[in-house]
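For reference, the chains in residue letters:
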Amino acid sequence: MKSRYLIPIFVMIVMGAIFVVGLGRDPTKLPSPFIGKAAPAMDLPDLFDDSVRISNKTFAGDMVLINFWATWCPGCFDEHDFLLELAASGVIPIYGINWRDNRTEAISWLQRLGDPFTANAFDGNNRTGIDWGVYGAPETFLIDAQGTVIYKHLGPLSRDSWQRDFVPILNARDTNAP
Amino acid sequence: MIPEVGHFALILALSLALCQGILPLIGAYKHDSALMAVARPAAYGQWVFVAISFACLTWSFLDSDFSVLYVANHSQLALPTIFKISAVWGAHEGSLLLWILILSSWTIAVSRYSHELPDIFSSRVIAVLGLLSCGFLLLTLLTSNPFERLIPAPPDGADLNPLLQDIGLAIHPPILYVGYVGFSVAFAFAIAAMLSGNLDRNWARWTRPWTTWAWLFLTVGIALGSWWAYYELGWGGWWFWDPVENASFMPWLAGTALIHSLAVTEKRGLFKSWTLLLAICAFSLSLLGTFLVRSGILISVHAFASDMTRGLFILGFLGIVIFSALILYAMRASAMDSQAGFKAVSRETFLLLNNVFLIIATALILGGTLAPLIFDVFNLGKISVGPPYFEFAFAIPMIPLVLLMGIGMHTVWRSQDLQPLLRRLRLPAALALLAGLAIPAIVYGRSGVLLTVGITAAVWVGVAALMPIYQSWRGPSGSPRLTRAMLGMSVAHLGVGLFVLGVSIVSAFTIETDVSLRPGERTEVAGYSFEFRELRNVDGPNYRAIEGEVEIRKDGEYVSTLRPQKRTYLVQKSPMTEAGIDVSWNRDLFVALGDPLGGESWSMRLQYKPMIRFIWLGAFVMAFGGLIAASDRRYRLYRKAAADETVQGETA
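Sequences listed follow chains A and B, in order. Quick note on numbering: the working numbering labels position 34 of the first sequence as 34, and the sequence is numbered without any gaps. Quick note on numbering: the working numbering labels position 172 of the second sequence as 172, and the sequence is numbered without any gaps.
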């Protein structure tokens, strides 16, 4: 048996090993370069009232969720019930950013389906979305009282993903708190 | 009751597949003809039970039996009947069952048409196919049972993914699978030949028609998939280098290489070990595709729901099959080194170059597809590899491949004299260069390097492919008759030319604009005026749609009225774009309705795509060439062919 005929087996074993390791990874997890850094600045009009501004100061001092959503996005519809539930439980305030959307439609959607948001900013032209690195709705950022991004979730939130991805972080924070 | 019958039939099919896979191999080892004779009846029996199982699942869909979990998840009462049938293979479990049905159908085709082969060989081939079938049946029964019940049954189902509610998708996966799975026949022939240790040229002759059949179905399947993506995904592109598309394209490239190297092995007894390796590769790549699509290891628009156990099972199965094949290969290959030589300018050389370029292309695409995974595994960060890489990487081996193809077709085996070859090819070369320079400048009024190269290559291959046909039709009566195999090759290469022509022109001259229009307004694209006339609501069986009416005129003359839709499917609440396309042989006009922009205006994507039909036409012509070649009568005369083994030097 000549050794060069063993090359295909060698190639196959290397690829197989990569696949075995790769199976355990989740390809949809994308780390945000903002994690561990201060949340990007924002200064947007309130969705309901153009004269009111919503900025980083609005939620400073609290652990909050920032949720980018839109009426055209099916994932946002999917996560809406869970957001209502989460808001009702009072665990954490949720700030919405209505992203690349139509104002009247957004307001009627909240009136129809219920409004889980403590306050809602309007980012119709994606100005803030670009700064925050948002590339698809829904995206949810977890921000601590100092205004640092702790975690970013892509896609719709659900009870499962909340338990899996957010609760451990929140618990760890609670025990570390002075 | 019906789902249980289906489930039970599948278990019976597994038992028969085990008999089919194990007993004939023992028989072949012990030279026991009774055990070898088990192969055919077991294969027929397995097919019957797989077919019963498939029919039961189809029945459950037609009957809207939502107590079957798979049906409840992928169907709905209001779903049109044709989509209830295509929903059978619309997701993982059912498509796996379709896969098994097709594998089983290939097996009975082999059983039926292999009586001319030595029993020991045919029983081994059928046994290998039986073992493959066992693997897929176990995968289905253990990890992906389509007949799982859902009690209590919901009143209505969750509907089929709206993207899949389309006639293109109803026919594209079965044809694609026929091609994919067909490579398992070439694989089984290779294994049987290696088991016997007797690798004469007969092996290549027997394998060739099967490989060509599989290849032509894969060609049609990929072309249909591309056509579907073009009109259904609403972006107006025809190929996206998505991991799943690549997963079907890599076996195609390897299969194309295999067809060509089989020609050398059959005619000249060369490249034996390489051909065997290619047969293993083509099949392994189609299994790899299954794994990539179904394990959720890569992100793709086509990916099935991901599942860790499924992924591990497929990977384990894949590992066992490929590992044992390669071990066998390592043991046998060194005995096959052949000594026969050939000159630098000969058909052998060109077919070798064909293989080199096709394998480079396959490797570059495989690398690009797996790069995100490799980076992730070694913690080098997250990357994504997009069309710019693939287009560049693919063009590098393809341009020389297409240019050399024109010469290769006109060479003879062993040694080709350079002078007559050059004389013969002077005219087509000049013609091609002229066309490459003139067509862009005259017809489209613009030119470029890549464009000239593309059109030159296309015309070059096209003319070179037509020459033998023309000569046999018009040539002197003494000239050699064109065999079906030769004719098939010419036609398939003509298809390559048409395809390259389409790709070159589409990529250079497509005009794509996004505009905002109010009803009554008009705009111009590529000399066509598009008038947005009105907007109305339309109700489909299971969706609601907003439909725009766009009238197209050229120089004031009416061309067509397009009705692009934006659909919302009622159950899944997902929006879908249904583009309006006006088709003509030399251009498509494409209108997709975008989003409302406030007031009465809507965003719209308008596109002018010249020669895009040539892309699919080229692919179908290639497949048609394969059909002609596969029907060559010498493949049907196995015994006779084996007898005049000594006759050499005829053209492939």
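No wet-lab data here; the hints were simulated from the structure. Ideal placement from N, C-alpha and C gives every residue a C-beta, glycine not left out. Certain hints may be false.
A short, non-exhaustive set of chain B residues, derived as facing chain A with CB atoms under 7 Å [claimed, not checked]:
no.: 1; residue: G319
no.: 2; residue: S334
no.: 3; residue: T568
Inset, instruction - Classify the hint on T568(B) as holds or violated, based on whether any CB of chain A lies nearer than 7 Å to its CB. - result: Check failed: Cβ of T568(B) comes no nearer than 10 Å to chain A, outside 7 Å.
Inset, instruction - Could you check if G319(B) really has its C-beta closer than 7 Å to a C-beta on chain A? - result: 5 Å, holds
Inset, instruction - Against chain A, run the beta carbon of S334(B) and see if the smallest gap drops under 7 Å. - result: 5 Å, holds
In summary, the structure is inconsistent with hint 3 from the numbered list given earlier, while agreeing with all the others.
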